[in-house]
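Trainee: Sequence:
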Amino acid sequence: KMSKSYGPEHYLGLMEPEESIRKKIRSAVTDIGLKPGQEMSPGVANLFTILELVAPTEVVEGLRREHAEGKLLYKHLKDVLFRHLMEALAPVRERRAELAARGDIDEVLAAGADRARVIAREVLGEARARVGLD
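Here my numbering is used: the first residue of the sequence shown is -10, the next is one more, and so on.
Check each hint, because a few of them may be wrong.
[Unchecked claim] Here are the computed lysine to any residue pairs in the SDA-like style, where the Cα-Cα straight-line distance is at most 20 Å:
#1 K13 <-> L78
#2 K64 <-> G22
#3 K67 <-> A77
#4 K24 <-> E55
#5 K64 <-> R54
#6 K24 <-> G59
#7 K13 <-> R82
#8 K60 <-> D20
#9 K64 <-> L98
#10 K12 <-> E55
#11 K13 <-> P(-3)
#12 K12 <-> N35
#13 K60 <-> T46
#14 K64 <-> E47
#15 K67 <-> E111
#16 K64 <-> G121
#17 K67 <-> Q27
#18 K12 <-> G59
#19 K60 <-> G26
#20 K60 <-> P25
#21 K60 <-> E28
#22 K13 <-> K60
#23 K13 <-> Q27
#24 K67 <-> E8
#25 K24 <-> A77
#26 K12 <-> K60
#27 K67 <-> S9
#28 K67 <-> V18
#29 K60 <-> V18
#30 K67 <-> A57
#31 K13 <-> I39
#32 K64 <-> L1
[As the list claims (entries may be wrong)] With beta-carbon atoms standing in for the labels, derived distance ranges:
#33 G92 <-> T46: 36 to 44 Å
#34 A116 <-> M4: 30 to 38 Å
#35 D103 <-> T46: 37 to 45 Å
#36 L3 <-> H65: 21 to 29 Å
#37 A109 <-> E76: 33 to 41 Å
#38 R91 <-> L3: 14 to 22 Å
#39 E58 <-> R119: 55 to 63 Å
#40 N35 <-> D103: 36 to 44 Å
Everything labelled a hint here was simulated from the structure, so no lab data went into it.
Cβ atoms here follow ideal geometry from the backbone N, Cα and C, with glycine treated the same way.
Put together the whole structure using the sequences plus the hints.
Mentor: So this is what it looks like as structure tokens:
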């Protein structure tokens, strides 16, 4: 199971280097010796959970079928997961790189924080009034 509370080796950071993500996926715990009809281990189920978020349904179903038949190679599953994850993250990673290249990013963030602060003050004031705290 991947979890930030266990430290940086136990989660996939959206912006971490590709090689780091590849290494984490490749080192994800699976099971030993797959047999036809074998129940999916928690580690393999976790890989499928992530895959379902980033890959087309037919890809996921094909790999599930291979697992049920006892023919799935976990290296292949991990490679497919990595490829689809990188494809899904590409637009986000590219946009972040564009924003990071801007010279005014700190000013843009500060202006956004100022706007959010004004809205938050209004909402909190209204909430306090409604529950009788003002």
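Trainee: It remains to establish, for every hint, whether it holds in the given structure.
Mentor: Structure-based check of each hint:
1. K13 <-> L78: holds (16 Å)
2. K64 <-> G22: Answer holds: K64 to G22 is near 13 Å, not above 20 Å.
3. K67 <-> A77: holds (15 Å)
4. K24 <-> E55: Measuring from Cα to Cα gives roughly 10 Å; hence the hint holds.
5. K64 <-> R54: holds (16 Å)
6. K24 <-> G59: holds (4 Å)
7. K13 <-> R82: holds (18 Å)
8. K60 <-> D20: Within the cut-off at roughly 13 Å; holds.
9. K64 <-> L98: violated (41 Å)
10. K12 <-> E55: Status violated; Cα separation ~24 Å.
11. K13 <-> P(-3): holds (10 Å)
12. K12 <-> N35: holds (16 Å)
13. K60 <-> T46: holds (19 Å)
14. K64 <-> E47: holds (19 Å)
15. K67 <-> E111: Not OK: K67 and E111 at ~48 Å, beyond 20 Å, violated.
16. K64 <-> G121: violated (59 Å)
17. K67 <-> Q27: It holds: about 19 Å lies between the C-alpha atoms, which stays within 20 Å.
18. K12 <-> G59: violated (25 Å)
19. K60 <-> G26: holds (10 Å)
20. K60 <-> P25: Judged against 20 Å, a Cα distance of about 8 Å means the pair holds.
21. K60 <-> E28: Given pair K60, E28 holds - Cα atoms ~13 Å apart, limit 20 Å.
22. K13 <-> K60: This hinted pair is violated, its Cα atoms lying about 23 Å apart.
23. K13 <-> Q27: Since the Cα atoms of K13 and Q27 sit roughly 25 Å apart, the hinted pair is violated (cutoff 20 Å).
24. K67 <-> E8: Cα-Cα ~13 Å, so holds.
25. K24 <-> A77: Judged against 20 Å, a Cα distance of about 31 Å means the pair is violated.
26. K12 <-> K60: With Cα atoms ~23 Å apart, K12 and K60 exceed 20 Å; violated.
27. K67 <-> S9: It holds: about 14 Å lies between the C-alpha atoms, which stays within 20 Å.
28. K67 <-> V18: holds (11 Å)
29. K60 <-> V18: holds (18 Å)
30. K67 <-> A57: With a Cα-Cα distance of about 17 Å, the restraint between K67 and A57 holds, given a limit of 20 Å.
31. K13 <-> I39: holds (13 Å)
32. K64 <-> L1: holds (18 Å)
33. G92 <-> T46: 36 to 44 Å: holds (43 Å)
34. A116 <-> M4: 30 to 38 Å: holds (34 Å)
35. D103 <-> T46: 37 to 45 Å: With Cβ atoms ~43 Å apart, the hint holds.
36. L3 <-> H65: 21 to 29 Å: This hint holds: roughly 24 Å between Cβ atoms.
37. A109 <-> E76: 33 to 41 Å: Because 36 Å falls inside the window, the suggested range holds.
38. R91 <-> L3: 14 to 22 Å: holds (19 Å)
39. E58 <-> R119: 55 to 63 Å: At 59 Å between Cβs, range holds.
40. N35 <-> D103: 36 to 44 Å: holds (40 Å)
The structure fails hints 9, 10, 15, 16, 18, 22, 23, 25 and 26 (numbered hints given earlier, in ascending order).
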